[in-house]
Amino acid sequence: MAKKEANRLLPDNTVVEVVMKKQMTIAEYEKIKSNGKSKGWNIQAYQVGVYSDGLGKKI
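Start counting the sequence shown at 1; every next residue gets the next number (this note's numbering).
Derived lysine-lysine pairs resembling DSSO-like cross-links, with alpha carbons at most 27 Å apart:
#, residue 1, residue 2
1, 33, 21
2, 21, 39
3, 21, 37
4, 22, 33
5, 21, 31
6, 22, 37
7, 22, 39
Hint data in this document are derived by calculation from the structure and do not stem from the laboratory.
Using the sequences plus the hints, can you model the full thing?
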């Protein structure tokens with residue numbers, strides 16, 4: 001079987017910042033916040049419609 005070539009614009013050692021969006025309640029956010037910090041994640045929350053565009057706009 002032939003080796004599949006990676007079709008990427010950047011080399012594997014390029015550092016990137018990953019942003020994931022999910023709407024949830026404050027109670028749910030508080031539960032995952034401490035768990036995320038223990039894994040090295042920096043989790044921030046914004047009230048939808050105040051500081052955030054929510055999940056409505058797509059690029």
